[in-house]
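Colleague: Generate the whole structure from the sequences, applying the supplied hints.
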Amino acid sequence: MKGLLIISGLGILAMLAEIFKFKKALFPLILIGIIGSLCRKLYGME
Amino acid sequence: MEWNNGLSIAVFDNMIAFDKVAIAFSGVILATAFFWFIMANDYFKNSTSSLVDHYSLVLFALTGALMLTAFKNMTTLFLGIEIMSIPMYVLAASKKERC
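If you're matching them up, the sequences are chains A and B in order.
Residues 681 to 726 (our numbering) are what the first sequence spells out, left to right.
Residues 301 to 399 (our numbering) are what the second sequence spells out, left to right.
It is worth saying that the hints were derived from the structure and are not from the lab.
In this text, a Cβ means the ideal position worked out from N, Cα and C, and glycines have one as well.
Keep in mind that a hint or two might mislead.
What the hints assert, rightly or not - Facing chain B, from chain A, some residues (calculated, C-beta under 8 Å):
1. GLY683
2. ILE687
3. LYS703
4. PRO708
5. ILE712
6. LYS721
What the hints assert, rightly or not - In silico BS3-like links for lysine-lysine, alpha-carbon gap of 30 Å or less:
7. LYS704/A - LYS395/B
8. LYS345/B - LYS701/A
9. LYS345/B - LYS395/B
10. LYS396/B - LYS703/A
11. LYS703/A - LYS395/B
12. LYS704/A - LYS345/B
Modeller: What follows is the structure in structure tokens.
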């Protein structure tokens, strides 16, 4: 469930990046978020 | 580790449940999305369309796909299909150069 929330939050963050102009920081944040969601699902921290 | 215990974590009154199947398929989908984002960064470098728009659409489609791996109720299945497919409709129609 937390993994789902992380991915949803990243989607909202991507839209906010367009508004508040932090596009350069978005790509590493998304990659870190996906890795975090993957680790959370695989290592049973749900 | 959740995989070895064989437990199923149910949320929202057993509408979504994360069991071994959900974790396995979620892992495959998340790994695919990870590589998509790496390749997209290079692909959209010279494109006129906004990269951030594509990122947000793919992330919302990813959310729907993750819901589809863990459904236990037909309502959740329908929600997952709709959440995944509507951003894909927009992505499919977003290629303006060839129109």
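Colleague: Mind checking the alpha carbons of LYS704/A and LYS345/B for me, to see if they're no more than 30 Å apart?
Modeller: Cα-Cα ~12 Å, so holds.
Colleague: A closest beta-carbon separation below 8 Å is what the hint needs, so does LYS703/A meet it against chain B?
Modeller: 6 Å, holds
Colleague: If you take the shortest Cβ to Cβ gap from ILE712/A to chain B, is it below 8 Å?
Modeller: Violated, about 10 Å.
Colleague: Hint check: LYS345/B vs LYS395/B, CA-CA at most 30 Å. Holds or violated?
Modeller: 15 Å, holds
Colleague: Have a go at the GLY683/A hint: is there a Cβ in chain B nearer than 8 Å to its own Cβ?
Modeller: Hint holds; GLY683/A Cβ to chain B Cβ min 7 Å, cut 8 Å.
Colleague: Holds or violated: the hint that LYS721/A contacts chain B, with Cβ atoms closer than 8 Å.
Modeller: 5 Å, holds
Colleague: Taking 8 Å as the limit, does the beta-carbon of PRO708/A come near enough to a beta-carbon in chain B?
Modeller: 10 Å, violated
Colleague: Would you check the hint for LYS704/A and LYS395/B, treating anything up to 30 Å between C-alpha atoms as holding?
Modeller: Given pair LYS704/A, LYS395/B holds - Cα atoms ~23 Å apart, limit 30 Å.
Colleague: Hey, LYS703/A versus LYS395/B, does the alpha-carbon distance stay inside 30 Å?
Modeller: With Cα atoms ~21 Å apart, LYS703/A and LYS395/B stay inside 30 Å; holds.
Colleague: Given the hint that LYS345/B pairs with LYS701/A, test it: the Cα-Cα distance must not exceed 30 Å.
Modeller: Satisfied, since the Cα-Cα distance of roughly 17 Å is no more than 30 Å.
Colleague: Run the distance test for LYS396/B versus LYS703/A: straight-line Cα separation, threshold 30 Å.
Modeller: Satisfied, since the Cα-Cα distance of roughly 22 Å is no more than 30 Å.
Colleague: Taking the least C-beta to C-beta distance, is ILE687/A closer than 8 Å to chain B?
Modeller: Since chain B brings a Cβ to about 5 Å from ILE687/A, closer than 8 Å, the hint holds.
Violation of the numbered hints given earlier is confined to hints 4, 5; the remaining hints are satisfied by the structure.
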